[in-house]
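S.K.: Going down the list, the protein sequences come from chains A and B.
Everything in the first sequence is counted per the numbering used here, starting at 1 for the first residue and increasing by one.
Everything in the second sequence is counted per the numbering used here, starting at 1 for the first residue and increasing by one.
Hints were generated in silico from the structure; no laboratory data involved.
The model shown is predicted, which means the values in this text are computed figures rather than measured ones.
Beta carbons: idealized from backbone N, C-alpha and C, even for Gly.
Please note: incorrect hints may appear among the correct ones.
[To be verified] Dumping the calculated DSBU-like pairs for lysine-lysine here, alpha-carbon to alpha-carbon at most 35 Å: (1) B/Lys19 with A/Lys98; (2) B/Lys18 with A/Lys98; (3) B/Lys19 with A/Lys42; (4) B/Lys19 with A/Lys79; (5) B/Lys41 with A/Lys42; (6) A/Lys79 with B/Lys40; (7) A/Lys79 with B/Lys41; (8) B/Lys36 with A/Lys98; (9) A/Lys45 with B/Lys22; (10) B/Lys22 with B/Lys40; (11) B/Lys18 with A/Lys79.
[Said to hold, decoys possible] Counterexamples of contact, computed for chain B against chain A with all Cβ distances above 10 Å: (12) Leu11; (13) Asp85; (14) Pro104.
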Amino acid sequence: RKEVEQDPGPFNVPEGATVAFNCTYSNSASQSFFWYRQDCRKEPKLLMSVYSSGNEDGRFTAQLNRASQYISLLIRDSKLSDSATYLCVGSYGGATNKLIFGTGTLLAVQP
Amino acid sequence: ETGVTQTPRHLVMGMTNKKSLKCEQHLGHNAMYWYKQSAKKPLELMFVYSLEERVENNSVPSRFSPECPNSSHLFLHLHTLQPEDSALYLCASSQDWWGQPNQPQHFGDGTRLSIL
Chain A
1 RKEVEQDPGP FNVPEGATVA FNCTYSNSAS QSFFWYRQDC RKEPKLLMSV
51 YSSGNEDGRF TAQLNRASQY ISLLIRDSKL SDSATYLCVG SYGGATNKLI
101 FGTGTLLAVQ P
Chain B
1 ETGVTQTPRH LVMGMTNKKS LKCEQHLGHN AMYWYKQSAK KPLELMFVYS
51 LEERVENNSV PSRFSPECPN SSHLFLHLHT LQPEDSALYL CASSQDWWGQ
101 PNQPQHFGDG TRLSIL
C-alpha cells in the first residue's frame, strides 16, 4: 500500500467549476501535511499547509481528517492557470521533517 | 523567483561520464535535500543534510555521491550512471531537519538528466 495515495486523474473541468481532490495516508504518526502544485516540467511549489482545523486561502480550501486519515483540497471557481499536478504530502512522523509525497493528481481546466 | 537555484537545468551524459549537479539556497535554511522524480512515480528522497552533516541516505547507489561544503550549497556528483537514472533531480531546503512540525520544503527548478 502506498504511504500517500492520490487519484492520478486527469480531472478535466470547465473554467469556473469547483473541483475536489482527496488523498489518503497510511502513517497515523504523520504530523504535518501540505499540498504542493507542480506545473509541467517544473519544480513543486508549496500551495498550502493543511491544519487539523482546516484552512482556506482565497479559492483554495484544505481539510484534514485524522480519524479517517485523509486530506482534501477544494478549488472553487477554477481558472485556466490552475491546470497543474497537485501533490499531497505528509510528514513521515517522528523527530524529523522527512516528507512523503503522493504521485500527484493532474488537473486540466478547460476554456 | 525561487530561493533555491540549481544548475545545470538540463544535462545529457554518457554512462562513463562524471558530472556534478549544483544546488544553492538563499533562504538561510539548515537542511538540504536531494530528490529523484521519475515519470508517474512519487518524489524519492535520496539524501538529507542537516547543518552540513549527512543525516539520511535512502539506499542510494554509490554512483551518486553527495557533498555539502556549507549550509548554502549542495552537490550531487554523478559517475557511471545507468539509463534508469534518467530523471528530474530536485534539490530542496527547509528551516530544519529536526524538531518542529509544519516545515515545508522549498524546491529548486531541478536538473533534467538524460543518460545515453
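S.K.: State for each hint whether it applies.
M.R.: Comparing the hints with the structure gives:
For the given pair, lysine 19 of chain B sits about 27 Å from lysine 98 of chain A by alpha-carbon distance, which is consistent with the 35 Å threshold. Only pairs whose Cα atoms come within 35 Å are accepted, and lysine 18 of chain B paired with lysine 98 of chain A is accepted, the gap being roughly 29 Å. For a cut-off of 35 Å, the pair hint linking lysine 19 of chain B to lysine 42 of chain A stands: about 22 Å separates their Cα positions. Between lysine 19 of chain B and lysine 79 of chain A the alpha-carbon distance is near 41 Å, which puts this suggested pair outside the 35 Å criterion.
Note on lysine 41 of chain B and lysine 42 of chain A: the hinted pairing holds, with a Cα-Cα distance of about 15 Å set against a maximum of 35 Å. Annotation: proposed proximity of lysine 79 of chain A to lysine 40 of chain B holds, straight-line Cα distance about 25 Å (limit 35 Å). Annotation: proposed proximity of lysine 79 of chain A to lysine 41 of chain B holds, straight-line Cα distance about 27 Å (limit 35 Å). For a cut-off of 35 Å, the pair hint linking lysine 36 of chain B to lysine 98 of chain A stands: about 15 Å separates their Cα positions.
Between lysine 45 of chain A and lysine 22 of chain B, the direct Cα distance comes to roughly 19 Å. Compliance with the 35 Å bound is thereby established for this hinted pair. A hinted pair counts as satisfied when its Cα atoms are at most 35 Å apart, and lysine 22 of chain B with lysine 40 of chain B qualifies at roughly 25 Å. Between lysine 18 of chain B and lysine 79 of chain A, the direct Cα distance comes to roughly 44 Å. Violation of the 35 Å bound is thereby established for this hinted pair. For leucine 11 of chain B, the non-interface assignment is confirmed: its Cβ lies about 14 Å from the closest Cβ of chain A, beyond the 10 Å cut-off.
The Cβ of aspartate 85 of chain B sits about 18 Å from the closest Cβ of chain A, beyond the 10 Å cut-off, so the non-interface label holds. A beta-carbon of chain A comes within 10 Å of the beta-carbon of proline 104 of chain B; the shortest separation is about 5 Å.
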